[in-house]
Structure formats: C-alpha cells, structure tokens
Amino acid sequence: MPLQCPMPQFDFDVITLGHGSGGLLTHRLLQSGVFDLFKNEILNQQHDGAYLLLNGKTAFSTDSYVISPIFFPGGNIGDVAINGTVNDLAMCGAAAKYLSLSFILEEGLSMNEFWEVLVSIKNAAEKAGITIVTGDTKVVEKGKGDKIFINTSGIGTLHPKANIHHQNIEAGDVIVISGNIATHGIAIMSIRKGLEFETNIVSDTNNLNHTVLSLIDRFGIDIKFLRDPTRGGVASVLNEVAELCQLGFYLDQKLLPIHEQVEGACEMLGLDPLYVANEGIFLAIVKKEIAEDFLNVLKKDRNGTNAAIIGEVTQEHAGKVIMKSRIGGKRIVNYLPGEQLPRIC
Amino acid sequence: MKYLSEYRDPELVETFIKELHRITTKPWTLMEICGGQTHSLVKNGLLDMLPSHITMVHGPGCPVCVTSVSVIDEAIYLAEQPGTILCSFGDMLRVPGSSKSLLQAKAEGADIRILYSPLEAVQLAKENPDKQVVFFAVGFETTAPANALSIVHADRQGINNYSILASHVLVPPAMEAILGDEENKIDAFLAAGHVCTIMGIEEYFPVAEKYRCPIVVTGFEPVDLLQGILMAVQQLESNEYKVENQYARSVQREGNRLAQNTISEVFTVSDRIWRGIGNIPQSGYEVNERYKNFNARIRFNIDLPSAEENKECISGDIMKGLKKPMQCPNFGTKCTPEHPLGAPMVSSEGACAAYYHYANATLSI
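Chain order of the listed sequences is A and B. Numbering of the first sequence is given in the working numbering, commencing with residue 1 and proceeding in unit increments. Numbering of the second sequence is given in the working numbering, commencing with residue 1001 and proceeding in unit increments.
Don't read these hints as lab results, they were simulated from the structure. Quick caveat: nothing in here was measured; it's all calculated off a predicted structure.
In the DSSO-like style, the derived pairs of lysine-lysine whose C-alpha atoms are separated by at most 27 Å in a straight line are:
1. B/LYS1126 / A/LYS144
2. B/LYS1131 / A/LYS142
3. B/LYS1018 / A/LYS324
4. A/LYS330 / B/LYS1324
5. A/LYS324 / B/LYS1324
6. A/LYS142 / B/LYS1126
7. A/LYS330 / B/LYS1018
Sequences and hints are given; from them, build the entire structure.
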C-alpha cells in the first residue's frame, strides 16, 4: 500500500521564483517538502554534501527526467526519476544504495502537483530500498521549463557475482526480454495533447533491482549483459550492443512479447514498437545453457511474468540486428534516426 | 489482432509464394504505387521471397517525398511569420527545403505543431483567436477529404484565423506520367488501397486501357500484397490488362461518394510540381475560389522565388521506377536519414528510408 502523505501547509499555491532564491521561501519549502518527507540520518545533517560508506567495487549513474506530461497512466515523473536510476545501476549488477535528487521547477507549478510527485518519489525510493542523501532545487521563469525536470544520481556496490560487460557476449548466447515491449511509451502517448486515445494501457515503470540482483545471485557470470531499453527502445539498445561486441543479434518477431492494445496503438500511430520507450523491463544476454532456467525463474518474478526468449547472438552479420518477420522474411533493424514522428496516412 | 493477423498469416503467405513461383514464366516489373506498400514489402522481407523473375519497383505514392522544395519553403516561410502557428503531419518535418527543414525552423523558434488531424488545427484556431493557424495540407486523395472538411467546419463556425497550405497530389495523373515516360519499364501496377477507398476504381479503367497495363488495387499487409502481385502476374501471363480489386474489404467500385463530394466542395484540380519529377498537369488539388479566404497562399500573399532541388538527389528516377535506392551513389553515404539530400530518405513511407532501415545496402540477408 503506497504511502498517502497529507500535504503540509505551504505559503503559496504555486511555485514562485522565490522558492528557488535560497532564502526563506526555499528554506520553508525544503523543510516541509523534502527534509520531513525523506528524513534519514544522512539527509538530516543538512550539509552541502553527504558522507557515505561504501564497500567494494561501486557503480555510479546519473540521469535527467523531462517527461511530458508529468502525470501519466501508471505513474508520474517522480516514479520514473527513482526507478530509472535504480534500474541503470541494477543493469551494472549493482544494488543502488544512495541517491541524489535535484529539481528544476518551472514558476507556476502547482504545489499539489509538486507534492504528488514528491510522495511518489518517497514511495518509489522505499520500494527500491534506497536512501535519498542529497539534492538541490532551482526555479526557472515560466516558459523556461516544462513544469518539472528532475535529475537523480545513484551509487551502490556491485553484487560479488556480477560480471556484466559486452565483452562477455559470445555467439550462441540467448537474448531474453523481461516483459512486454513499448508499454511505457504508448501509455504516455495515449494522453499527450493532440494524440489522446482511449485505452487502459498503464506505464510499467517499476524498480528492477530486486529482480535483477536475485537473478545475478543465482546465475552469476552466466548473465553476460543487462540493459534496460528505455529511450530509443529495444532496437536502439540492441544496435548499440551489437556494434560494441561486433556480433550479430538475430531476433524472431513472433517471439516479441507485446500487449495487444499497445500493438494496436502502434499500428494506428504508425510507430514501430521496437523503438518505443520502455521503463519496467530489461534485456538480458545469457549463456545458452542457462537460458531456459533463467527464463523460468524470471517468469515467477512479478517483473517477469511476460518474459520471453526473443533471439540469439550470431557470428554472422557482425554489428547488426536482424529480425525474422512473422511471415518468415528477414529484415535489418536499424538505429532510430532522430525522433519517431507520426505519419501522414 | 483482428483484421491484421489474418493478413499476416505465414501459411497463407507460403501458399501465395508457391503459386507465384508456379505461374511466373517471364520476367515482369511491377510497381506498387503507395509508400505504405513499399514499406510493408521491405519490412516483412517479402522482396526476397518473390520469384527472381518478378521485380518490384517503388512508386511515387509517398506524399512527403513528392512535395516540392518550393512548397516546403512556403511552409517554412509561414511558420516563421510572427503570430503564426503552423500545423503539420509529423513526417513532413524532416524533409529538407532549399535552406532548412521545418524541424530546423522549429528548433530556431517557429511555432510548429505536429497534429494527427486537420480538425485539431481548426480547434487550435478557435482556442487562439489572436494567432493565425495554418495547416500544411499534404497528401494524396486519401487525406484530401479531412483537409477539405476542416475548411467546411471553419467556415461554418466563422473561424477566420484558419487556413491551409494545400499540396495535394493525385494518383492517376502520376501513373500516366510514369507510363508515358519513354524509359518506362513498368508492366503492371499495384494501385493504392487507401486512395481507392476514397476515389473508387473507375478512374483507372482508361489508364489500364490506354497503356495496356494491368492495375490491381491492393492493400498493405503481406497477404494483401502477395495476392495483389499474384493477380497482376496472372493477368500479365495471360496477356490481359484489367483493373482488379484485391482490397475489396475496403474499396468499392464507386469509392466514398460523401468524401468525394467534400473534396469537390472545397478543392479544384490544378497543376502540381512533383519533387524529382517536375510539373504534371492537372495532378493536384488547390483550394477553390469559393473558399479562397482559407487558402494560406492568398491570405499571406506568398510570393517566394521557386527553389532548385538538390541535383545530387535522384528521387525522380526512384519514384518513376527507373532506379532502385541502392543504385544512388549517395545512398547511405552522403544521404542518410540524419542528413538527407531528398525526401524519400526521411519520409516514413519513402523508398530510400525503407531500404535504409530494413535492408541496409551493405548487408545481403
């Protein structure tokens, strides 16, 4: 049950430039909006930086979140700002432990909306088991931002059995996806102005760290590579990795898991689901011998119920992603040039 | 998915492929008109499954590709007028004009919005009475009824800050231009299913008759395309040249009368310059005299010098079926989706884009 926090009494109904001045308004906003909500030993020191204690090899990652609209079916920018960075660390084989949290707020953002985002951040952080230890808040003039931009950076130690690197990938390895593709991107598009269409698709944004770390614990170095195919979708990630390891990736279209409504929306909008953004899924490249076991274990996890083996790594077509179409033809799956734009007819 | 999975059925595909192999005795060159068909052929890997005797060449049915540089320049000019909102379908934005694309103009500060329907543009005009809202009305006969309807709606509601920049093109005159070209190699056409859904099939009878060329109105899914190809090859093998309708689940002989009436209410047939091909007489729609107040060219008194096309782009030869994208020396090198020389490389229906995305020249799959 997610935490429901009553909104504290703020001086204003909306964010003003004064809230970013560093003066009294900033102080009040941070006291009741941030320090009280996220309170923990490190944050409570209210110093300019956080003192951390980490043991062993450490992963560090940062990401900025600029989603429009900030609220969408299945979550809001706050959930994604936490889950995104937690998941980036998980893909390195690390358990995110500490997070920084910075806001760039647009003048005029309603306090209700800001509070709702803050509460989502708190819930997502608790669920992922991470602590927010430092942060910053700036306010820009109206028209100079888009309600709210968030940056989070995360740090955490590597699982002792983790060895995630593209150099580990070999021909014969198997490509697994942990869930339905394109769900998050279509959930956001379904409510974007000018595109609104009726659907009950909700974003799959979620923390993947617990799922991934328990898989690493069990399968260790037989998990060669992990990546969450967020922006640019599955196709872009696979292209990057194929190029890095100079091997071919061979996908089978009929094995790609996709929700029927998402597939329908992609057909209607003229989008290729392989390029649509995801949030709560990951790609794993694993040793062939463990692939079935890996899939069975993953499918029992709530983040993996729709997991599937979608292809294999090959010696031929080095650096390319090839897909066998549903009807048996073959085609190349290329990088996405620029943004996917809706088509004419 | 209902009405889609049936037309992507691997067993049916195999049946059609086998039948095509069985009946094809001579080399035939077929042109699919519509860019949507081109993409489906390439994306599904169908081209490699066809008998080697059958060559598919890719036609001009990509509205983005055939829109001339001068019209793109007009759109950019309008977008850069203060107090103006230019609305466009998404895939026009990357097409290069003579100095820049709409996407570049947008990055420089022009108010350009991507819409799915011209009726949204009318709504936008209503919500922004202090702005001029212009819809970039591009497309074949398929998008013409909705664009015409937007003017009828705006007129009815007394909205006087709405206009369109019309760049409509028509299929039959383009087919005649291709068939009449002395270098023409096309033996049969797959006509565009969606265009015929609006216009019907009757206007193709004289074309088939005059050039003794089979025309099969065809859909967009793998089974549609293979059946269309099979019907065309059957005609060619038996020396026939009829107009046939493969896409009967959508296309009726007379088309959609209501949509046609809306078109003739607002538009008049006019000459149109096609990118890479040149002027084709009576091959486009322009806003008619009655609704001239909704014609952005008149409202903004546009008078730009006509722009030269990039000479390095061979899009004309590609859209006339004389060359394949990979025969262009600049394909994938000087011309890429990020830095296009011409529209077929950036439109979601462009032939060059299809080959670039799904069948890279360096790869023999």
